[in-house]
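With chain F fixed as given, assemble chain W onto it according to the hints.
Protein chains: 2
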Amino acid sequence: MLSEFDLIKHYFAPSRAAAQPAHVALGIGDDCALLAPTPGMQLAISSDMLVEDRHFFAGEDAQRLGHKSLAVNLSDLAAMGARPLGFTLALALPAADPAWLAGFSQGLFALADAHGCALIGGDTTKGPLNICITVFGETAPGRALRRDAARVGDDIWISGTLGDARLALAGYRGETALSAAEQQAAAQRMHLPTPRVALGRALADGGLAHAAIDISDGLAGDLGHILERSGVGATLDVDALPAGPVLATRAPALRRAWTAAGGDDYELCFTAPAAARAAILAAGAASATAVTRVGRIEAAPGLRLADAAGAPLDLRLAGFDHFK
Amino acid sequence: MLSEFDLIKHYFAPSRAAAQPAHVALGIGDDCALLAPTPGMQLAISSDMLVEDRHFFAGEDAQRLGHKSLAVNLSDLAAMGARPLGFTLALALPAADPAWLAGFSQGLFALADAHGCALIGGDTTKGPLNICITVFGETAPGRALRRDAARVGDDIWISGTLGDARLALAGYRGETALSAAEQQAAAQRMHLPTPRVALGRALADGGLAHAAIDISDGLAGDLGHILERSGVGATLDVDALPAGPVLATRAPALRRAWTAAGGDDYELCFTAPAAARAAILAAGAASATAVTRVGRIEAAPGLRLADAAGAPLDLRLAGFDHFK
Numbered sequence: 001m002l003s004e005f006d007l008i009k010h011y012f013a014p015s016r017a018a019a020q021p022a023h024v025a026l027g028i029g030d031d032c033a034l035l036a037p038t039p040g041m042q043l044a045i046s047s048d049m050l051v052e053d054r055h056f057f058a059g060e061d062a063q064r065l066g067h068k069s070l071a072v073n074l075s076d077l078a079a080m081g082a083r084p085l086g087f088t089l090a091l092a093l094p095a096a097d098p099a100w101l102a103g104f105s106q107g108l109f110a111l112a113d114a115h116g117c118a119l120i121g122g123d124t125t126k127g128p129l130n131i132c133i134t135v136f137g138e139t140a141p142g143r144a145l146r147r148d149a150a151r152v153g154d155d156i157w158i159s160g161t162l163g164d165a166r167l168a169l170a171g172y173r174g175e176t177a178l179s180a181a182e183q184q185a186a187a188q189r190m191h192l193p194t195p196r197v198a199l200g201r202a203l204a205d206g207g208l209a210h211a212a213i214d215i216s217d218g219l220a221g222d223l224g225h226i227l228e229r230s231g232v233g234a235t236l237d238v239d240a241l242p243a244g245p246v247l248a249t250r251a252p253a254l255r256r257a258w259t260a261a262g263g264d265d266y267e268l269c270f271t272a273p274a275a276a277r278a279a280i281l282a283a284g285a286a287s288a289t290a291v292t293r294v295g296r297i298e299a300a301p302g303l304r305l306a307d308a309a310g311a312p313l314d315l316r317l318a319g320f321d322h323f324k
Numbered sequence: 001m002l003s004e005f006d007l008i009k010h011y012f013a014p015s016r017a018a019a020q021p022a023h024v025a026l027g028i029g030d031d032c033a034l035l036a037p038t039p040g041m042q043l044a045i046s047s048d049m050l051v052e053d054r055h056f057f058a059g060e061d062a063q064r065l066g067h068k069s070l071a072v073n074l075s076d077l078a079a080m081g082a083r084p085l086g087f088t089l090a091l092a093l094p095a096a097d098p099a100w101l102a103g104f105s106q107g108l109f110a111l112a113d114a115h116g117c118a119l120i121g122g123d124t125t126k127g128p129l130n131i132c133i134t135v136f137g138e139t140a141p142g143r144a145l146r147r148d149a150a151r152v153g154d155d156i157w158i159s160g161t162l163g164d165a166r167l168a169l170a171g172y173r174g175e176t177a178l179s180a181a182e183q184q185a186a187a188q189r190m191h192l193p194t195p196r197v198a199l200g201r202a203l204a205d206g207g208l209a210h211a212a213i214d215i216s217d218g219l220a221g222d223l224g225h226i227l228e229r230s231g232v233g234a235t236l237d238v239d240a241l242p243a244g245p246v247l248a249t250r251a252p253a254l255r256r257a258w259t260a261a262g263g264d265d266y267e268l269c270f271t272a273p274a275a276a277r278a279a280i281l282a283a284g285a286a287s288a289t290a291v292t293r294v295g296r297i298e299a300a301p302g303l304r305l306a307d308a309a310g311a312p313l314d315l316r317l318a319g320f321d322h323f324k
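Residue numbers (full-length UniProt numbering), protein chains in the order written: chain F, 1 to 324; chain W, 1 to 324.
One chain only, chain F, in its complex shape:
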């Protein structure tokens, strides 16, 4: 059995030191890491905790889990429009399993390296599997995409596509019949979400968007947070919501339900003035990310759902609540 210190050194420290970016003044191995943000910039910080049987299945592939654990955190930076700098990893493991650690660290670092996001510290302990990542980014003062900044008249936009992660879950649970190829395609979206970092940064740096949130608990619920904090309402054109490629082949009722309130999408929902439309499409193209206009912010409180013809839809939707 590897000792705790050997384990940390072997999988999380070596070979990483070389890749240490300039903003990391001191990395793993001291009481604290030291981060040197660009002078005048603010730090964007987010923590996510992933628990077995809650956020992922027991026995989940370690490499995919390494990717997803960091991806959900980078998605929070994307939703603020922040540039990733680094992250800490706290890990409770039932045992120090070298095969699991090799896979997990591989998935984790592949995504971290792609975003120039350095592992700067953390903690490991024995315990029920639990992965807690805290991520750090930087953003210019006044530029961050906040939830409370939506304005009446704004367009509502969505990045990428929605609902395939929820469809994959339904497939695993046997709630929906999926072919092996469909299950595999949808499962990619569930296990390997793509944080929309480049798009988020373009929206913030260019001053293109007002408010943003990342869609983790379902669009309707997450958009609801923007509405509540901004003191506004909205109408969502449910039939305009971009369904994932597998969900797109399903019946309209399912497509509507799981694009509007699927969960685990990790796409951005953002609001922006109509004057920014062309620039937003260009930002989407520049970051190779589809962007779709799906509704508008209105003064009347509440979230209204409409079909393609503008007629009201009465769907029962709810955001995901970890304690319900």
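Computed beta-carbon distance windows for the label pairs:
1) W:G59 x F:A309: 56 to 64 Å
2) F:G174 x W:G40: 54 to 62 Å
3) F:A177 x W:T38: 52 to 60 Å
4) F:P312 x W:L192: 55 to 63 Å
5) F:A58 x W:A282: 53 to 61 Å
6) F:P94 x W:P301: 32 to 40 Å
7) W:A58 x F:R151: 48 to 56 Å
8) F:T38 x W:P245: 46 to 54 Å
9) F:A251 x W:D113: 49 to 57 Å
10) W:P245 x F:E60: 45 to 53 Å
11) W:Y172 x F:R304: 56 to 64 Å
Hints in this document: simulated from the structure, not taken from any laboratory. Just so it is clear, CB atoms sit at the ideal spot from N, CA and C, and this is done for glycine as well.
Relative to the frame of chain F, chain W by itself:
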């Protein structure tokens, strides 16, 4: 049952907003918090994860646990000499128990407020009890007390006293006979450690100390990290180690073993040039923290233990390893 959002709002968000210090540009409630460090300062960052039956007993008093969860993190800032700014809290709970949450948040915020350290974000989820805190402080470039900065000829110093936390554990386990009053006094040290933030800041800001570490896994092992990273050795005067008030009444063998390698002390071990002795004693007095000289840094690698007469001691000591 409270929903996740109600739970967060009720115990962790309200009334805290008023106390938000100026360096918190945006607190709880968005995808990320925004921290505005003092221009030119570096950020000191540390994460600790506390797991039931590993770092605390099942059924541990929630208020004490709230204190300790933050205290062990503040202790890491103290060991760098950093000024606390804020922290994130990620919490996995088997259930949303209002009494537990009330106690936990009370213990947590009492300590946070005493250090001007704001809760700026986090995560809650259902799962086996797990508490992951990431803490942020700031320190002037080049001033942080690093593990790799000890120099040959430095004195080795200890804050406070050592060993009573380990004695309390022995009492709980029935390894040692303790009176009820002794158990209670020693247990204070185990459950309610005092992070030495003021002393650490004085040592860093005044340029008094070279290297520092906080003693969490036992002095010998933690000092060993300083020696290894600094490429030096040391002799420790074991009989000079300041024992906690309960351990001080025990036989020399036990006193030596548990001051030198007890664990859960959360005192500072630091090294400093002899020229700084008077200033260090003054910094200790100014921060109401005892400071004791207990050895010296030497060129010869390895840690040597000596008794009061300077004769070598052969104690079997080991740092705590979570996977052994």
